[in-house]
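Trainee: Let chain H serve as the given structure and place chain U on it in line with the hints.
The residues making up each chain are set out below.
2 protein chains.
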Amino acid sequence: MQKRKNLSLEEYVEGIKIGNTAILSQAITVIESNHAKHATLGAQILESALPKSGNSVRIGITGVPGVGKSTFIESFGLFLAEQDYKVAVLTIDPTSPSSKGSILGDKTRMPKLSGHQKVFIRPSPSGTTLGGVASKTRETMLLCEAAGYDIILVETVGVGQSEIAVHSMVDCFLLLMLAGAGDELQGIKRGIMEMADLVLINKADGSNKTLTKQAKSSYQNALHLFPQNANSWTPKVETCSGLTGAGIDNVWSIITSFFTLIKSNQHLQIRRKDQANYWLQQSIDEQLRIRFFENKNVQKEFQMLRSMVDNNSVSPFRAAKQLIDLFEKR
Amino acid sequence: MQKRKNLSLEEYVEGIKIGNTAILSQAITVIESNHAKHATLGAQILESALPKSGNSVRIGITGVPGVGKSTFIESFGLFLAEQDYKVAVLTIDPTSPSSKGSILGDKTRMPKLSGHQKVFIRPSPSGTTLGGVASKTRETMLLCEAAGYDIILVETVGVGQSEIAVHSMVDCFLLLMLAGAGDELQGIKRGIMEMADLVLINKADGSNKTLTKQAKSSYQNALHLFPQNANSWTPKVETCSGLTGAGIDNVWSIITSFFTLIKSNQHLQIRRKDQANYWLQQSIDEQLRIRFFENKNVQKEFQMLRSMVDNNSVSPFRAAKQLIDLFEKR
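Protein chains in written order, with the numbering used here: chain H, 1 to 330; chain U, 1 to 330.
Keep in mind the hints are simulated off the structure, nothing from the lab. You may find that some hints are simply not true.
For identical chains, the list gives no copy identity; a pair is met inside one copy or between any two copies.
[Said to hold, decoys possible] Straight line, CA to CA, 25 Å or less: simulated BS3-like cross-link-like pairs of lysine-lysine:
1. Lys-329 - Lys-296
2. Lys-86 - Lys-37
3. Lys-118 - Lys-296
4. Lys-86 - Lys-52
5. Lys-321 - Lys-273
6. Lys-300 - Lys-273
7. Lys-37 - Lys-321
Isolated chain H (complex conformation) (with noise of 0.2 Å):
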């Protein structure tokens, strides 16, 4: 396709049927336009992928900066793209100023995989809010699901809330540490080694290998401790080299027994309802909220109110019904 024409809904179904890239892409690309001419085709497309959707392995991964996340998932798609899986890889990013060239999203940063014709890399949405990126993020992968890939991996950074976003899509969630417990973990934020399925020490080459067993070891004995989950899997610790490869089949049998355990005791089927209950939870709460403020007179209120509460003369209670019935009264 040398030039983007305005494809029909039919195109683009039918595109996305027989696993068009292109045509895959510039419908991620409707979904995602906040323009209201793309609305209802956005809604066309995704909702006649829907029954095609929900057939792939969705791993989530994260890690703070710097600890190999790019390394990783290209020496981690190759290998499965060389199993003969399809595989699409999607990001999160609530910081990235658009969709064209963001830190995460940016193609140049995979080189080998983004060549792989058995590879989709799509980068983070833009957009305002994270429930907004995600809501988006998640569209994008029930279109890929259509689209015939096998395996969706969706990347964050560890350092914010996106990671609960993430973890509320995928069915198993890696997090990628370094050895030497320290200041290079205090980037990850507390509470998402907890949600972890699979601990991976990267980077366990050369003369760090002795350092990343260590972890190793040190991790096995905390998660030890860590109550158990409800698909009664017990998290593991892996190390792993993005750079040569090394552990890289290990993660795959061990997320290939994690979906053993998990489809065996319907924890599968009972975690995605419980996300699309999630999901639509969210999605009202965000779009009551985007209405909330979008209104006037709770706009020409909200500053002072929030002040009051700010200084302890209102409750924070009071004040969200103050503000609430402004917003009714329109």
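Mentor: Below, chain U without anything else, positioned relative to chain H:
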């Protein structure tokens, strides 16, 4: 007071100011009430209390049933009262069917503590939503502060979302655990451990002492691997016995040094301001959600759209949008 009469706002304000516990209790009942006739009075009582609130040490306490929370709180509360502190014990239990005789709130759980003249115990408010229950507990805390209580203990069970609510209203968060990691811990939800400023291995008495000592060292190693807190406090692990009182003085001395730190680095102020804004946001979300689900048009379509989300025929985002359009039509 033999029989409750209707007090005036001035009587409530004056009664709270002088620390009259009967009037304090009645004021809390007004605040907890869902009757429209109490709403204005409740808001006025609270607003008059707000400027006098904020001067207590707010401590959250959680742990699964069986960990010995009641015994610990009785022991710890008595220790504090003997140091001449006025102590209020509040509970958040969203499963509590009513404020009368709830399992968590029952005064018979802490017979010595509830008889103490420097101690005020208030069971969990009743309510349908955790947000509602929690915001009432938070307001009760503010009234107790205005009534001169120096230390507020907010207790909850370690089995759900209520820890997040408690964590969002206290300065310091204690997690009670048992030695012998494994089955006993399964009730604690993942993510809660990382919220703890102090992990207490309870029941360090009799033949259990060696086990708790081992557990202490395991947890210390584990917490060491956790990311650093923003307030630069390193979470501590200690053993104690609610039954014998062993280690209870040490708990208080650790909490004291915690407060020295967060006061000196301004984190207490920052945290409380963040919390007030969190509760404003939570109250807005919660109240918007209530009005949304009370809406007749929404009620008519919600179940259908939810099941469409469940069986993948509409995306959560789209379903939410349709419902909110219905909500705004009214």
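Trainee: If a hint holds in the structure, say so; if it doesn't, say that too.
Mentor: So, going through the hints one by one against the coordinates:
Proximity of Lys-329 and Lys-296 under a CA criterion of 25 Å is satisfied in both settings, with 11 Å inside one chain copy and 17 Å between copies. Taking CA atoms no more than 25 Å apart as the test, Lys-86 paired with Lys-37 passes in neither setting, with 32 Å inside one copy and 63 Å between copies. Neither within a single protomer nor between protomers do Lys-118 and Lys-296 lie at most 25 Å apart by alpha-carbon distance, with minima of 49 Å and 49 Å respectively. For a Cα distance limit of 25 Å, the shortest separation of Lys-86 from Lys-52 inside one copy, 15 Å, qualifies, whereas the shortest one across copies, 63 Å, does not.
For the homomeric pair Lys-321 and Lys-273, the shortest alpha-carbon distance between copies (19 Å) is at most 25 Å, but the shortest distance inside one copy (33 Å) is not. For the identical chains of this complex, Lys-300 and Lys-273 are inter-copy neighbours only, at 22 Å across copies versus 40 Å inside a copy, given an alpha-carbon limit of 25 Å. Taking the shortest Cα distances, Lys-37 and Lys-321 sit within 25 Å of each other only across copies (16 Å), while inside one copy they are farther apart (35 Å).
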